[in-house]
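Using our numbering, the letters of the sequence shown map in sequence onto residues 5 to 415.
Treat the hints with care, since some could be wrong.
[As the list claims (entries may be wrong)] Label-pair ranges, simulated between beta-carbon atoms: (1) T158 x G30: 34 to 44 Å; (2) A274 x G30: 43 to 53 Å; (3) H305 x D167: 33 to 43 Å; (4) E281 x R113: 20 to 30 Å; (5) W79 x G309: 35 to 45 Å; (6) T124 x H183: 16 to 26 Å.
I should point out that these hints are in silico values taken from the structure, not numbers from a laboratory. Bear in mind that the values here come from a model prediction, so they are computed numbers and not experimental data. Note that the Cβ used here is the ideal one computed from N, Cα and C, for glycine as well.
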Amino acid sequence: MMTHSSLNLQKRSGFTHDELLKVWKGLFYCMWMQDKPLLQEELGRTISQLIHAFQSAEAQHLFLQTFWQTINREWTGIDRLRLDKYYLLMRMVLNESLTALKMRGWEERQTEQLLELLTTEILHPDSQAPNGVKSHFLEIFLEELTKVGADELTAEQNLRFIDPFCRIAARTEEPLVLHNITRGIFETIVEQAPFAIEDLMKELEEEEDDEMSEGDEEMSAGKERERGQDVPSKKPWKGSIHGTEPDVDEEQGEDDEDSAGPVLQFDYEAVANRLFEVASHQSTPSQNRKRLYKVIRKLQHLAEGFFPEDEVPEKAYRSLQGGRRERKAKKRLPKSRLQNKTGKGGKEDPPPGLSPGSERMRRRRGVGPNPTAHQEQPGDRGRRGAPRKKRRPQGGARAKVASGQEPKTQQ
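Make the full structure from the sequences, and use the hints.
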């Protein structure tokens, strides 16, 4: 079915925007119905390669535009069990779009059109792209660009590819977009710097080795001709001393497998200057400027030949927690100093758990830590508070007491 669709695309001169939206809706649900992992990968590769069925660059861009619009529209309806295959489809479509650009010789105008399309449909505030689409795109962009063009692209061309991300990072008001661009683009460049320099040094060493080997072969061939002997073949015979060289090549092959593959080359000073140009603009938000300046310092260190050390997340978290504790201790410090001062020569602190009002009431009643607040009077022992007035007897009782008769008590 895909082959028949590809033939139809080649026969027709072009599709309208609405027609391609309908095509992509069918392809989207074609991927939806495929549940087997191997067939998902094959189907995704077949769908993504449909871009090469379009002859003109404008038709290819319209095909890509309707794809990203379809993904943005249908993304919220994708359940978590189907997310992985659509992540894979996004990666494959991006890879094939860069491959189509490579087939056109990395033309500057075509590159600018593709980057404008991607940033408009995915990273622009009016694109309505979900956060999942934005995050995944920024995560895979440099990876797919490395796979397609690491062997051909120059540092100047790579700067052109990341220039839209510099502008968006400087003016975006979405913290998530700023974080993903910083982490997925700029910090990835910093992290890959040792591999990029190692890759460059390896290329230079290979060129030097080739030149040295060619010179040695010419010298040895000239000496053998002078002696009248045949020039030995390059392949050593079995049992010779040089027979161990293939083992060395095998070890080098194993080392190459362990090391990273081709890496994008960047002029770190040029990237830092471009970031500083957009970050220092007056309209750049302060939080964006602060975040970008940190990246600029790392790039400047790389340009000077120093590799910044990566901060371990756990250590960063501990330092953050330690900073919070220090700030809290500084806030509590004035109160503790006041308590120390009053304990030395000032008023005595109230007992713990008592408010100042309750402490004053206790002093009035003579109960409390201050012994001078109330001096105990004779006859007040066992009483609380001020001494009470004596009760005066009634009139009848007073008369009986005066006549010497005791009042009768009821039994």
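Hints versus structure:
Checked against the given bound of 34 to 44 Å, the beta carbons of T158 and G30, roughly 40 Å apart, stay inside it. For A274 paired with G30, a C-beta distance near 45 Å keeps the hint of 43 to 53 Å intact. Evaluation of the 33 to 43 Å hint for H305 and D167 yields a failure: the beta carbon distance comes to about 22 Å. For the pair E281 and R113, the beta carbons lie near 23 Å from each other, so the given range of 20 to 30 Å is met.
About 44 Å separates the C-beta atoms of W79 and G309, a value consistent with the hinted range of 35 to 45 Å. Take T124 and H183: their Cβ atoms lie about 21 Å apart, and the range 16 to 26 Å holds.
Hint 3 from the list above is the single one not met by this structure.
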